[in-house]
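Counting from 1, position 7 in the sequence shown corresponds to residue 30 in our numbering; the numbering is continuous, with no gaps.
Possibly wrong hints are sitting among the right ones.
Said to hold, decoys possible - Simulated crosslink set (DSS-like; lysine-lysine; CA at most 27 Å straight-line): (1) K164 x K243; (2) K243 x K259; (3) K110 x K79; (4) K246 x K191; (5) K181 x K164; (6) K110 x K146; (7) K164 x K146; (8) K111 x K136; (9) K243 x K136; (10) K111 x K299; (11) K79 x K164; (12) K300 x K110; (13) K202 x K79; (14) K202 x K136; (15) K145 x K79; (16) K146 x K181; (17) K136 x K181; (18) K181 x K202; (19) K181 x K145; (20) K246 x K110; (21) K246 x K145; (22) K259 x K181; (23) K191 x K146; (24) K136 x K110; (25) K191 x K164; (26) K110 x K145; (27) K191 x K243.
Hints listed in this document are in silico derivations from the structure and should not be mistaken for laboratory results.
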Amino acid sequence: MKNMTIMKNMTKKKKIIFIVIAVLLLIAGGSFFYIKNKQNKEQDTPDNVKQKISPKVNIIPVSERPYMQLSPNADGHHITISVLELKKPATSLNYEMEYQTGSMLQGFQGMLKLDQLPISDKKLFGSQSAGGAITYHEDIKGGSFLAEFMGPEDYAVKSNWRYFTNNKRESEFQSQDTKFTIANDSLSAYSYLIIFNNPGYPGEIEGELISDIYSLSAEKSLKTLSSEFTVTFSSKEEQAQILGYDGNDWQEIETLQSDGLATASSALMDAYVLIKK
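Whenever a hint applies, use it, and build me the whole structure from the sequences.
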């Protein structure tokens with residue numbers, strides 16, 4: 024009888040021990056999952072999530088920005104990107120071109136070493152498969168151009184451009200922001216043209232800039248045209264003056280102001296800008 028009592032007591036003790044162990048395991052497991060869940064939540068907070076970093080653009084003064092050029096090619100399927108003048112030292116350029124083709128947005132990236140200027144890069148409006156098959160993008164309308172310059176002090180600029188496929192043989196063209204227009208009857212003979220809101224300007228300019236810098240390019244040289252080009256800026260500034268860069272210096276062009284428009288006519292200039300007298 025005594026032995027049975029002892030066995031019953033031992034059984035009770037074992038049950039108690041098992042219950043205590045089970046409770047401890049439940050507490051330990053709960054603590055583990057709580058800590059793990061907390062860690063996961065901390066990892067998902069915005070401070071810890073890796074995000075794509077976009078460069079700050081157009082921070083440096085316009086007077087320090089690069090003078091560049093975008094030119095269409097005669098086949099209508101390529102564009103040439105040129106760096107013509109640097110005001111702020113840089114050793115290399117990473118760029119990103121976005122453009123509208125029909126109703127879609129496409130783009131490409133590239134890189135240039137800036138050991139010697141001018142320097143150019145020719146790019147395809149389209150894609151090429153591993154097997155070499157090329158798909159051309161049609162109905163190009165223009166877009167934006169982001170350029171990141173690496174050097175002693177990195178900087179980035181971004182600007183717009185407008186592309187024209189001149190099927191209708193037009194002779195007047197307007198910038199993407201609609202603030203600049205250029206016209207010449209002989210432009211009807213050109214098939215592809217670009218108006219570029221240039222991030223910077225060549226040489227030095229005296230006066231306060233009150234517009235973007237605009238340049239016109241085509242699939243073949245425009246310098247062969249001897250007739251005058253008429254340029255128009257949208258401006259309510261009564262003291263506005265149009266300047267044109269002739270390849271060497273900035274020239275004042277006689278400017279007429281009327282109904283919020285500043286207009287001037289001259290031989291074709293490499294770039295145009297509006298300043299306040």
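Quick rundown of the hints versus the structure:
The hinted pair formed by K164 and K243 meets the criterion: a straight-line CA distance of about 19 Å does not exceed 27 Å. A threshold of 27 Å between alpha carbons decides the hint, and for K243 with K259 the separation of about 35 Å lies outside it, so the pair is violated. Straight-line distance between C-alpha atoms of K110 and K79 comes to about 18 Å, which keeps the hinted pair within the 27 Å bound. The hinted pair formed by K246 and K191 meets the criterion: a straight-line CA distance of about 22 Å does not exceed 27 Å.
Straight-line distance between C-alpha atoms of K181 and K164 comes to about 17 Å, which keeps the hinted pair within the 27 Å bound. For the given pair, K110 sits about 25 Å from K146 by alpha-carbon distance, which is consistent with the 27 Å threshold. Restraint check for K164 and K146: the C-alpha separation of about 16 Å stays at or below 27 Å, so the hint holds. About 15 Å separates the Cα atoms of K111 and K136, which keeps this hinted pair within 27 Å; it holds.
Annotation: proposed proximity of K243 to K136 holds, straight-line Cα distance about 26 Å (limit 27 Å). Between K111 and K299 the alpha-carbon distance is near 25 Å, which keeps this suggested pair within the 27 Å criterion. Only pairs whose Cα atoms come within 27 Å are accepted, and K79 paired with K164 is accepted, the gap being roughly 26 Å. For a cut-off of 27 Å, the pair hint linking K300 to K110 stands: about 24 Å separates their Cα positions.
Restraint check for K202 and K79: satisfied, since their Cα atoms lie roughly 25 Å apart, inside the 27 Å limit. Between the alpha carbons of K202 and K136 the distance comes to roughly 33 Å, so the proposed pair goes past 27 Å and is violated. Note on K145 and K79: the hinted pairing holds, with a Cα-Cα distance of about 26 Å set against a maximum of 27 Å. Restraint check for K146 and K181: the C-alpha separation of about 18 Å stays at or below 27 Å, so the hint holds.
Between the alpha carbons of K136 and K181 the distance comes to roughly 19 Å, so the proposed pair stays at or under 27 Å and holds. At most 27 Å may separate the alpha-carbon atoms for a hinted pair to count; K181 and K202 meet this at roughly 17 Å. Only pairs whose Cα atoms come within 27 Å are accepted, and K181 paired with K145 is accepted, the gap being roughly 19 Å. A hinted pair counts as satisfied when its Cα atoms are at most 27 Å apart, and K246 with K110 qualifies at roughly 26 Å.
With a C-alpha separation of about 21 Å, the suggested pair K246 and K145 falls inside the 27 Å cut-off, and the hint holds. For a cut-off of 27 Å, the pair hint linking K259 to K181 stands: about 26 Å separates their Cα positions. Distance restraint check for K191 and K146: the Cα-Cα separation of roughly 26 Å lies within the 27 Å cut-off, and the hinted pair is therefore satisfied. The hinted pair formed by K136 and K110 meets the criterion: a straight-line CA distance of about 16 Å does not exceed 27 Å.
Distance restraint check for K191 and K164: the Cα-Cα separation of roughly 15 Å lies within the 27 Å cut-off, and the hinted pair is therefore satisfied. With a C-alpha separation of about 23 Å, the suggested pairing of K110 with K145 holds against the 27 Å cut-off. Proximity of K191 to K243 is assessed by CA-CA distance (about 18 Å); at most 27 Å being required, the pair is judged to hold.
In summary, the structure is inconsistent with hints 2 and 14 from the numbered list given earlier, while agreeing with the others.
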